[in-house]
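Asks: Sequence:
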Amino acid sequence: MDGTVSDSVVSSVRAHLVAQIGDENPRPYSVTFLGLESLEVLTFLPRQDAFARFATLGCSRYPMSDPSEMIADATRGPRAELILITRVFDGIDTSFLQNIAKLAASPSVEGVVLRPDLLLDIGEPLWKGAPFTAVLLGDSEIEDLVLPEPADPVKFLQLVPITSTEAAWVRLRGAEALRDAWKEAGIDVRDPARSAVTL
1 MDGTVSDSVV SSVRAHLVAQ IGDENPRPYS VTFLGLESLE VLTFLPRQDA
51 FARFATLGCS RYPMSDPSEM IADATRGPRA ELILITRVFD GIDTSFLQNI
101 AKLAASPSVE GVVLRPDLLL DIGEPLWKGA PFTAVLLGDS EIEDLVLPEP
151 ADPVKFLQLV PITSTEAAWV RLRGAEALRD AWKEAGIDVR DPARSAVTL
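Read in order, the letters of the sequence shown are residues 1 to 199 in this note's numbering.
I should point out that these hints are in silico values taken from the structure, not numbers from a laboratory.
Treat the hints with care, since some could be wrong.
[Unchecked claim] If you anchor each label on the Cβ, the simulated ranges turn out as follows:
#1 E143 with R47: 14 to 24 Å
#2 Q48 with D191: 26 to 36 Å
#3 A193 with S8: 36 to 46 Å
Since we're looking at a predicted model, the values are computed, not measured.
Just so it is clear, CB atoms sit at the ideal spot from N, CA and C, and this is done for glycine as well.
When you get a sec, could you build the whole thing from the sequences and use the hints?
Replies: Structure, rendered in structure tokens:
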């Protein structure tokens, strides 16, 4: 896929996010990692509800591929962007946005294929002072973006910050078991001040 087409994908994703979220002027934060094209994290401040949304832009520029594949398909293959939904809090700074961008860069850097139920370790607090050092991916409120054939649609996966204890539970019991525990405990995972669920 040439640069013109990949740039068209990014433009389409941005327009889709704006239409789905209903905010025409998100705040962009651009990050460039060595050897990669730039990624953006778009900040959509609360408008229709009490939640801010942080969406990546650029992860879906190219399809993700399994590193074991000898030749990566430049057109076909899963594409994804990440979105984090949270109440506004004091820890929203550049390091927080950089960590979101790092997660979006993982397909290019580590050969990760982003998908629902995937657990990703950050290796540090998601933001300063946060108890969350990993994220769990799941389906989001954003509809898939259909691209011209033969390209696969872009999926928008929700990032849910989790603690190290919760991450260990996912490894042991699976993602759905953790979601069930949250539901039983009445935990709102969009609350940045939430406590870890008792497991």
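Asks: Hint by hint, where does the structure go against what was stated? Just the numbers, ascending.
Replies: 2
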